[in-house]
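My request is simple: use the sequences and hints to build the entire structure.
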Amino acid sequence: MSDLRRALGYLRLYWRGTLGAFVSLLFVTAASLLVPQALAYIVDRGISAQDSRALVVGCLVLLALAAVRDLFTFVQTYLIERAGQGVAFSLRNALFRRLSALSFSYHDRAQTGQLMTRVTSDVDTARQFIAGGLLQLVNAVLLLIGSAAILLATSWSLALLTLLMIPAIGLVFFSFFRTVGPRFRAVAQKLGGLNTVLQENLAGVRVVKAFAREPYESQRFRASNDDLLGENLAVVRGTARTFPLIFFIANLGTLGVIWLGGAQVVGGTLSIGDLVAFNTYLSFLLMPIFILGGTLASIAQADASARRIFEVLDAPQEVADQPGSATLPRVQGRVAFEQVSFAYSGSERASIDQVSFVAEPGQTLAILGRTGAGKSTIINMIPRFYDVTGGRVLIDGHDVRDVTLASLRGQIGIVLQETNLFSGPIRDNIAYGRPGATQAEVEAAAQAAQAHAFITAMPQGYDTVVGERGVGLSGGQRQRVAIARALLVDPSILIMDDSTSAVDSNTEYQIQQALAGLRKGRTTFIIAQRMSTVRAADRILVMEEGRLIAQGTHTELTINCGPYCELIAALAGEPAAVAA
Amino acid sequence: MTITAELPAPAAKPPSVLVRLVPYLAPYRVRLLGTLALVTLSAAAQAGAPALIGYAIDTNITASDLDGLARTMLLLLGLYIVGMLATGGQVFLMGIVGQRFLSDLRMLVFDRVQSLPLSYFDRSKAGDLMSRLVNDIQQINQVISQGLVQVVGNLFALVGIIIAMFLLSVPLALASLVVVPVMILATVLIARRSRTAFQRTRETIGDVSAQLQEDLAGVRVSQAYNRGEDSARNFAAQNAANRDANVQAAAVSAAFTPAIGLLSSVATVIVAGLGGWLTFNGDMPVGTVVAFFIYVQQFFRPIQIISSLYNQLQAAAAGAERIFDLLDEPDAEADEPDAYVLPPVQGLVAFEGVSFGYQGARGGLQLEGVDLLAEPGQTIALVGPTGAGKSTLVNLIPRFYDVTLGRVTLDGHDVRAVTRPSLRSQIGIVLQESFLFAGTIAENLRYGRLEASDAELEAAATAVGAHGFIAELPDGYATKLGERGGGLSQGQRQLLTIARALLANPRILILDEATSNVDSATEALIQQAFERLLAGRTSFVIAHRLSTIQGADQVLVIDDGRIAERGTHAELLALGGLYAELYRRQFREE
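Sequence lines, in order, name chains A and B. Quick note: the first sequence uses the working numbering, first residue 1, plus one each step. Quick note: the second sequence uses the working numbering, first residue 581, plus one each step.
Derived from the structure by calculation, the hints contain no laboratory data. Even for Gly, the Cβ is constructed at its ideal location relative to N, Cα and C. Honestly, I wouldn't trust all of these hints.
[What the hints assert, rightly or not] For the chain B half of the interface with chain A, some residues (derived, Cβ under 7 Å), not all of them:
no., residue
1, L649
2, S683
3, L796
4, A797
5, N806
6, Q818
7, R823
8, P838
9, A852
10, G853
Structural data, given as C-alpha cells:
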C-alpha cells in the first residue's frame, strides 16, 4: 500500500480543493443523516397528529436538508474530481519528464506500449482511487457510525437487531471474496492466455496461412475460449448465490424492524414516524458495506498502478550530469577512445572491448563490421548515450563524463539509423536542434542534404506537415531531412549511422558530394555500408565481435589484407548491399 | 443518502447496432424466457413489499393486532424469499446466457479473422484488430454481464413499482410522478452539455497519447538534440488541456446525482403534503403514506442505474459496430464452389502474363506482364531492389493474393481452380522473420504436418543442424518456447523454421533468404540447412547471398514490377546489363 499512499501524497499539491471536498462531505453526511429525522417528524407530528403547521414545517425542513445535502454533494464531487485531475496532471508531467531524461539503456529495455500504459491508464486507475476512493471510504465510515448512533439513540433494542445484519452481510461478502476472488484472478489470467493466442495468431498470420493451419488455430483458440468461459461461469454462479442473499439479509433487517418495532408501537414505546425513519437508516447501513466492498477491491488495483508509476519515476537515470560538471567549450573535434569497453546491462558479452583510437579534428572515420560487431556502440559512446564500463572517451581532452550533457550533445550532429521525424512542419523538423534558425539557414541545410528540391516541390513547401498525422515521406526523404537536421546545428562532430541506406544510388551520390564539402572542419564518423564511402575515409576502423581488429586507410589496410578483405567480401552478401 | 450516478454521456453511435446482436441470442431462447419469467417474479416481489409494510402499519399496528402483524410479517418473509430465489435464478440464467453468448461471439470473430485474405492484414494494423477482438467484445461483455441484468431487472422493478403505486392510491401515484418530466428535462439538459464536454476529454486524451507515443519513439533524437525540456513543455500543455477538459466535464456531471437526489426529495415532500392532507380528511391511512415514501425512494434508484448504464450501452454499441465491420468483410478466402483438390504435384510452376496491383493502391501495378517457367526441382533466384516486386511475385504462388491479370499454374492447374488447403499444403514457405508460436519445440516443428512421428521430427531437425542445440536443452523437444520463440537465439529460431518447412516436405518452396543478426558459424549452419531444404524441390528464393545466386538454375532480375533480365549468373554477367552493374557495384567493389 506504500505506493498508493505515496500517490495520495500528491493531493497535498491540491490541498485546498481536497480539504474543501472533505469539509463538504461532513455537511453531506450530516444532512443525509438528518433527512429521516425530518421524515419521522412529518409522519408523527404532521400526519399522525393531524397538525398541518407541523406538516408544512417538516416538509420545509426536509427540503432545506435535501438542498444542503445535494448542494454539498455537488461541491464535494467537483472539488475532489478537480484535485484528482490535478494529481493526474502532475503525475503525467513527472512521468514524461522522467521518461525523456532516462538513458538510452532504459529505453532499450522498455517497451513503448508499456510505457504508454503507465502514463495513460495506470495514472487513470490511480486517479480514480485518489479522486473517489478515499472520499468514499471516509463517507462510508461516517455514514455507518452516524446511522448506528442514531439507531441506538432511537431504540437500542431495534438497533441491536438491525446491527446484527452487518456481521451477517460481512460474512457473506467475506466468503464471496474468498471463493470467487480467486476466480476473478483466474478470469484475468485466462483472458491473458486467450489474448496471447490471439496476438500470436495475428502476428503469425502469414505462417498460419502458409501452412493452411486455420482449423488448428481455431481449435487452439476454442480451447482457450472454453477455459475462459468455465471461469466466467464460476463467477456467475458465485455472484448469483451471493448478492440476492445479501439483499435478503438486508430485507430481513427491514422485516425485523417492522415486526419488533410494530410491537413496540403497539406497546407505545415507539412512534410510527420513528419506525419509518428506522427503515431509512437501514439503507444507510447497507450502502457503506457495498461502498467498502467495492473500494477495498479497487485498492489493490490502484496500488498496483501506483507501483508501476513509481517504478518509472524512481528508475535511475544512468547517464546524468555529474555534480559540478563543466560546460564543454567549443571544441576542435579531436575524439579519443582510450581502452573503451562497454557491455549492455544484462548482457554478459561486452559489446565493445578495449577499443582505442584517435580521430583528429576534421578527419572522417568509417566504421566497418558485421551486424552486431559493435559499430553503433562506438558512436553511441561519443554523445554519451551510454556510459563506458571501462576506459574513457575524450573530446579535445575532456572526458565526456566531466562535462554537461547539453554542452556535449550541442556540438554533435547525429543521424541515427532510424529516422524519427516529429509531427509538425518540415521546417520545424530541420530546425529541431536549433529552434531559432532562420529560414535561410534551414534552406541552406536542406540544400546541403539534397532535400530542398523535394521539399519545395510539395504544395506547402517547408510548411508541409509531416509525421504521424501529416504527409508520409519516403525513407530516403526522411533520411535527408534527418541529415539536414544534423547539419543545421553546425556540429564539430558529425555522426552518421547507416544514414544513406534508404536512398537510391543517384541521390546517395549527390548527398555524398554535398557531405564531402560539409565534412571540412568537422570530425565525422560514418557507419558505412558502401565501399565508396569506406574508401574515401581518412581512417577505417574494422570491428569484429566488439574488438577493433584493424585500423588505417583503405590503401594501408589492403596491403596486409587479412580480416579487412574477408570482411569486405562477407559484407558484399549482406542484404543492404543487394537492395541498393 | 448519496448514490453516485454516472451521467449519461451520449456518444456518436446509436445503440440500434446492438439490435444486430439479437439473432446470436437465438440458441438461448428457452433460458432467456426463463429469465424473463424470473425477472417478472422478482419485480413483483420487490413492488409488493412496501404495500405489505403499509398494510402492516395501517391494519395491524394501528389496530394493535399483534397476531395479524405476525401473519403479515410471515407473508413478507415469504415474499422476500421468493424475491431472493427469483433474483438469484435470474442473475444465474442471464449470466450463463451472457457468458456463452460472448464465448460464441469471440469464436465467431476469430474464425472470421482466420478466413480473411492476407490483403486484409496488409491494410489493417495488428494492434487495431487485437483491440477490436479484445476491447470491443469486453465492452459488450460489460453491458451483457452487468448491464443487461440490471437494465432489465430495474425496468421491470420500475413498472412493478408504478403499478403498485397506482393500485394503492391514484392521486398519490400521480403526485409522485409529477417530478418525472422535470427529471427527464434535467437529464436531457445536463446530457446535452456534457456531450461536448466529454467529447473534449476524449479528443484531448487522444492528443496526449499521440504526443506521448511520438516523443517516446523519438526520445533518442530528443536527447541527441537536447530538446527534452521543450518536449516536456509541449506535453505539459497537452496534458493541461486534457485536465481542463476533464474538470469541465466533472463540473457538468457532478450536477447529475444531486439534481436527481433533490428531485426525489421534492417528490417525497409532495407525497408528504398531499398524503398528509388526504389523511387529515380521513381519506387515507398513515401506512399508505409511509408505503409511498418507500416507493418514491425505490422509484428513483432504477432510473439512476439505468441512466448510468447508458454510457456502457454507448460504448458497447460502438464496439458492436466495429465487430460487425469485421464480420461484414467480404470473404475473399472462400474457395470457388467448383474448386477441386490439387493432386500431388511434380512442381512445375508457370506464370503466364501475370499482372498484379494491390486493391485500392494508388501506385498502379506491382507486377506487370510476368512470364516464367520453373521446371520441377529448379531453383529460381529473385534479385532486385527493395520494393521491386519480388515478394509480391512469390505471394501469388500460394495464392495469398489473386492475380489481376494472367494466371499462375502448378503442374498446369490454375491456383484459383483448386482448394486452398490442398494448394498450400504442397508449398513450403520460410519467411524472413522466423516466427514461432508459444508452445513446445515439437509442436512448432509439427506445425506443417501434425501427424509427423518423433523419428521424422528428429530427422528433420538433424538434417538442418538443429538437433544438436535442441538435445542440449533441458527438456529437449518438449522445451516450451516463450512468446514469439523467446529464449532461443535468432539463428536457432531460423533453424527451427527451416526444419518446420523440411518436415512439411513440400514440393514447392518459397524462401526469403535475408541474413539476420547471427554470428558467422550459425550463418554457415543456416546456409547448409537452406541447401538441404532446396534439394529436389522447385524453389523460389529471394536471394541475398552470392552463392545462392551462382547456384541457381535461373536468376530473375526484378525491377519496377517487371522481369528486367533472366538467365544464369554467368549469362547475366556476360549480358552486361542491370545485373552486371548490380554485381559490379555490390559484390565486386573491392
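Problem - Those earlier numbered hints the structure runs against, lowest number first - result: Result: hint 6 breaks, nothing else.
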